[in-house]
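Trainee: So the chains spell out like this:
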Amino acid sequence: MSAEALPLPRLVPTPPPPTQVEARLLRLVDRIKKDDDVLAFEELYRLTRDDVARTLCHLVGRRPDLEDLVQETYIHLLKAVPSFRGESQFRTFLYRICTNVALMHLRWWRRRREELTDEVPELEAVQGSPDPERAAQAAQAARLVHRALDRMSAKKRVVFVYHELCGLGPEEISQAVGISYNTVRSRLHHARIEFTKAIRALTAEVLP
Amino acid sequence: MKRHDDGLLWDFAAHALDSTEAKEVEAHLADCPDCREQLASVQVACEALELARAARPTVDWQPIDESVGRLVERRLAEQARRPWLKRFVLGIAAVSTVAALAFFTLTHVEPTVAPLPESPPPPVLLTARIDRAQGLSREGVSVFDGAPLAAGDLLETTAGGRAFVHLPDLSHLRLGAASSLTLTRADVDDVALTLGKGHLAVRSSGQDRKAFTVHAGSLSVHSVGNAFVVTHDAQATEIAVAEGRVAVEFVNGINEFVDAGTALRVDHKGRVSRGRRVAPQLKTELDELMAVADATTAVETQSAVVAATGGRASAPPLVAVQGPSRTLPRLDPAQSRARQVQLPPEALGLTPSSSPNVVSPAAQPAEVQTQRLEPTTQLEVEGPPQTRPAGGTEEWALPPQAQAPQPQQAAAPTVVVATPARTEADEWASLPAPAPQSSPARLVDGPVVTATPKPTPRDLESVFLERATAALEGGGCDRYLPGLEELALDGSRGERAERARVLRARCYAAQLRPRQAVNEYRKYLEEHPRGRFAEEAMEALGE
Numbered sequence: 001m002s003a004e005a006l007p008l009p010r011l012v013p014t015p016p017p018p019t020q021v022e023a024r025l026l027r028l029v030d031r032i033k034k035d036d037d038v039l040a041f042e043e044l045y046r047l048t049r050d051d052v053a054r055t056l057c058h059l060v061g062r063r064p065d066l067e068d069l070v071q072e073t074y075i076h077l078l079k080a081v082p083s084f085r086g087e088s089q090f091r092t093f094l095y096r097i098c099t100n101v102a103l104m105h106l107r108w109w110r111r112r113r114e115e116l117t118d119e120v121p122e123l124e125a126v127q128g129s130p131d132p133e134r135a136a137q138a139a140q141a142a143r144l145v146h147r148a149l150d151r152m153s154a155k156k157r158v159v160f161v162y163h164e165l166c167g168l169g170p171e172e173i174s175q176a177v178g179i180s181y182n183t184v185r186s187r188l189h190h191a192r193i194e195f196t197k198a199i200r201a202l203t204a205e206v207l208p
Numbered sequence: 001m002k003r004h005d006d007g008l009l010w011d012f013a014a015h016a017l018d019s020t021e022a023k024e025v026e027a028h029l030a031d032c033p034d035c036r037e038q039l040a041s042v043q044v045a046c047e048a049l050e051l052a053r054a055a056r057p058t059v060d061w062q063p064i065d066e067s068v069g070r071l072v073e074r075r076l077a078e079q080a081r082r083p084w085l086k087r088f089v090l091g092i093a094a095v096s097t098v099a100a101l102a103f104f105t106l107t108h109v110e111p112t113v114a115p116l117p118e119s120p121p122p123p124v125l126l127t128a129r130i131d132r133a134q135g136l137s138r139e140g141v142s143v144f145d146g147a148p149l150a151a152g153d154l155l156e157t158t159a160g161g162r163a164f165v166h167l168p169d170l171s172h173l174r175l176g177a178a179s180s181l182t183l184t185r186a187d188v189d190d191v192a193l194t195l196g197k198g199h200l201a202v203r204s205s206g207q208d209r210k211a212f213t214v215h216a217g218s219l220s221v222h223s224v225g226n227a228f229v230v231t232h233d234a235q236a237t238e239i240a241v242a243e244g245r246v247a248v249e250f251v252n253g254i255n256e257f258v259d260a261g262t263a264l265r266v267d268h269k270g271r272v273s274r275g276r277r278v279a280p281q282l283k284t285e286l287d288e289l290m291a292v293a294d295a296t297t298a299v300e301t302q303s304a305v306v307a308a309t310g311g312r313a314s315a316p317p318l319v320a321v322q323g324p325s326r327t328l329p330r331l332d333p334a335q336s337r338a339r340q341v342q343l344p345p346e347a348l349g350l351t352p353s354s355s356p357n358v359v360s361p362a363a364q365p366a367e368v369q370t371q372r373l374e375p376t377t378q379l380e381v382e383g384p385p386q387t388r389p390a391g392g393t394e395e396w397a398l399p400p401q402a403q404a405p406q407p408q409q410a411a412a413p414t415v416v417v418a419t420p421a422r423t424e425a426d427e428w429a430s431l432p433a434p435a436p437q438s439s440p441a442r443l444v445d446g447p448v449v450t451a452t453p454k455p456t457p458r459d460l461e462s463v464f465l466e467r468a469t470a471a472l473e474g475g476g477c478d479r480y481l482p483g484l485e486e487l488a489l490d491g492s493r494g495e496r497a498e499r500a501r502v503l504r505a506r507c508y509a510a511q512l513r514p515r516q517a518v519n520e521y522r523k524y525l526e527e528h529p530r531g532r533f534a535e536e537a538m539e540a541l542g543e
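Read top to bottom, the protein sequences are chains C and H.
So the first sequence is numbered by our numbering: it starts at 1 and just counts up by one.
So the second sequence is numbered by our numbering: it starts at 1 and just counts up by one.
Pulled out of the complex, with its shape left as it was, chain H reads as follows:
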């Protein structure tokens, strides 16, 4: 060692030098007081490191264990859904259902007057397509209005472009400028979108389906019948909800809900922040989307009218379904452009004088009724409680003729809402009927459309639990697990929380996942040591 070398001193202190080098260092140290002092410091440092290596941090493993467990469960669930055969069978079943529905609709249409002039058959909404497009390209090739889309398509807009997309499940999208979107799945009963970058406004329909998911960055947004905007760039991902409620799933499997009028932002560091207001620009985008969606639906409805009266072509099965329409919660009525979209009868290809008699209202699809009666008819009434009939009845009347408004209607400050059609399989369809009232007051005479009251949260929970129980018996309880967990974690729900926990355990047991089932039963006993199902839990745990 001819000079001062800290590296050699570290090796010397660690006894990592061979004998020759060690002797050289020792010789140098004998003549160099600076290096001796440095060696002392190095030895102190080495001693501290030696002790520090033996220490270990205090870690609370329970949340990490649970999180990794959830991660594993999610992956297992994904694997369970993966087999192509299952997807194929489900797809066949969905197509068969749609075909049966279309056949049923056609065979029950009774035209009362001579058919209208023939027109091209209406588009069957089993594929996605572009409604409006400006500066839009697919895989680098420009696409225009009306172009069909398929799963796997990558849509990109230019800096000044935008596009409106119509999905097979009657959902609508608005892709903003400089955005890219992949239609990962675009089936009638399963929609998955991946937003690469940019803005995406969504109005998802209330169809009963497996999933409607938007992936953006590390987040997955699960939606059922609501309107929201997803913004994604390199810095952050933001979800702003205008209507309804969406579930945002983080990469670690944790779910958070975003309610109407709020926004959730996750930056690239994973920091989460919530906002209480949705930016006006996003509201504008949604309004624009709703306006286009309603207008598109009106055009489809026109085709449906022609098909129904002509009886030549099959009507779009997902549109032409009878039943009262469902009103999604809206933005401020004064701001919603969707509410201003009211097509006159001429726009539907019907003359004002003939329109009431062309097709009997009972024989028409709900959407058709909605559009034809729209100028004067209230299908769904939103208003303050005092506008409802006296006695608090939940059953409201629908006048049969648009030209005969009743005084009672005029007195009520009501709002006409153009809404997507409701299908037989609508998620609200099987909600329990309201409690029996004394005597339903009718505003007018004629066929009565019973407006299902908005269920209270507790009603929904009850229905949810019933469905989960039914699904458990049917062997398809997977999708209920997150919701049951949410219920089970809320102690204020008492018996329902208890039942939800047990249902989770039974579901896992039914799926031959004993470890998770045991875990649920253990949680049950911790949360409800004297609960109704304690005996079952103890038996499962072998206690």
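This is chain C alone, in the form it adopts within the complex:
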């Protein structure tokens, strides 16, 4: 099987938020910090909640308590906003909070998952796609990806998700996770190998 046999769409990482969005977020943060304007926080929540929910879903997998994690993230965010110095993008700052919430949850989940039997939520259709077939494909692919991610350690998973699913570069990941650039590269390398193996094994299970 050659490379040309499987033409794939170019895997371009998710583009960073447009400058206007980032600038708007920074203005809101400024209002929260200087004027203690909590209504600005509400607006910030409206602007970022979809991104936060999607990121958390990728970081922790499909969980019945995803809503709780989103809520917890914003509680932490409200407390942490005054400490945001503007040295990085706000999105990176937000991802750092998501990382902490997700890591705490993953550690807890691995201890408790045997006891919990709640139904996990399904994944929804592709954004902006009215095509039900593509939506079903996306949901199925997401389930497969999450099963593969579940086999990975939490640290590698975080780096892999940010790079491959959220489109962050190594520099941004190092800021969002709080590790060095080289550690990011190393974890990403090993995570890719593990992910490829896991996908191969899972597809072999599905298509023996």
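These aren't lab readings, by the way, just hints derived from the structure by calculation.
Be a bit skeptical, because a hint or two may be false.
Capping the alpha-carbon separation at 20 Å, the derived lysine-lysine pairs in PhoX-like fashion look like this [claimed, not checked]: (1) C:K79 x C:K34; (2) C:K155 x H:K269; (3) C:K33 x C:K79; (4) H:K210 x H:K269; (5) C:K197 x C:K156; (6) H:K269 x C:K79.
Based on the hints, put chain H in the right spot on chain C.
Mentor: Chain H in isolation, oriented as in the chain C frame:
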């Protein structure tokens, strides 16, 4: 590409290599079947990732929206309370009230006999202080019994230490071993404590005040006239309630109530568990605290007697207030050491023969009456219903003289309870009078102290709603919002739930918070589509 490199294959599959590198990889792939197979797997993985990136989870946003909304509301409420001017004015008002009360008390004292020998003026309980201390330090410096405390003080106990603290609002604390506590606010009308670690037993008084809050970890415990223990360490925070009921506020703004005899534990992961029993050790701590608190109160009372009869110094205003004492619900009577603290008349500086005549009972503060008449007098009677007078009357009599016990009293199996003083502003003071009875039966002749019956929960709700309505007119309905929400959410309360919801809406409207008001009116119409206030709600919603 001279060797197998998975990283390069990922970049190649993602078309992220420049042309030179891509050609090298292609050349390698042409000669290496292993890498071709690996590339196929990588491409499958990349395709799955590409599809997965487009999917998004199903999220029920409503509870999250509400939770964030509550968070914002709480922050707004905190901001509203923050202005220093408001706090300053409130502080001045509180001090003025206390001074007026003290003046009123002094001008109405009529000594009937020669004054007792002069003694130092009694301590005015406007500051916190240490009652007993062992192994206690403040900001690293050891402190001893009687040391005054101020807001902002950090108290720490050693591994074998403990301390009993007396707060200006007549509440008492017991700080356990290896604990640290910060007196964030220690005012007459506002107490906030922050437990850094360790054990803290609290007997909070029933004073009317803005708040009595204990912060521990991510929890805030709100209390009004009850006894509880807070334990906090790196692993968990636990609240065990021995008397009354406390409200525990979580970091996300959700309130939960912990009733007497139960405990609530929140570990560092945020998991909440409830226990049905309070550990015996905690009961022991509370008993110890109550014993010290009662003994301290007795000493203060002694000072108050001297001041009242000598008329030289002002009595502690918050102690020397007339009126029947209020009995907090207690632990098992047999176990409560507080009940065993009965000071003889000598301990009060009075001889047994002279004590009944030193000061007329009517001219003395309630606490003084409590202590002086304690050996034989029942101020508050706790007992089974059959011990009450026939006819179910709610009015009981108080004998004027301690030396003249009446047969009726002896027959009734009653228990003497030493309790904190009740102030005019006590939260129970304005509860509605019981329904008129046929004819109140008196046990003995003499001045009658009417014991207010314990109000039923429904009575309390009614009073609460009335107060909330009054506060709405007065412009201070903020503090009633959580209670109104609790009432509004309970469908079994029918008309009261309906009224509570509308009061919340009106309160928000009065505070110029239209979004929240509209939200409340919308909830009202959902819960009571044909309710009494539906028209008002629809009008507010513009329907």
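Trainee: Against this structure, judge whether each hint is valid.
Mentor: Tested hints:
Taken as a hint, the C:K79 and C:K34 pair is honoured in the structure, with Cα atoms around 14 Å apart against an allowance of 20 Å. Pair hint C:K155 plus H:K269 holds up; C-alpha atoms about 19 Å apart against a cutoff of 20 Å. With a C-alpha separation of about 11 Å, the suggested pairing of C:K33 with C:K79 holds against the 20 Å cut-off. The hinted pair formed by H:K210 and H:K269 fails the criterion: a straight-line CA distance of about 31 Å is larger than 20 Å.
Restraint check for C:K197 and C:K156: satisfied, since their Cα atoms lie roughly 14 Å apart, inside the 20 Å limit. A threshold of 20 Å between alpha carbons decides the hint, and for H:K269 with C:K79 the separation of about 18 Å falls inside it, so the pair holds.
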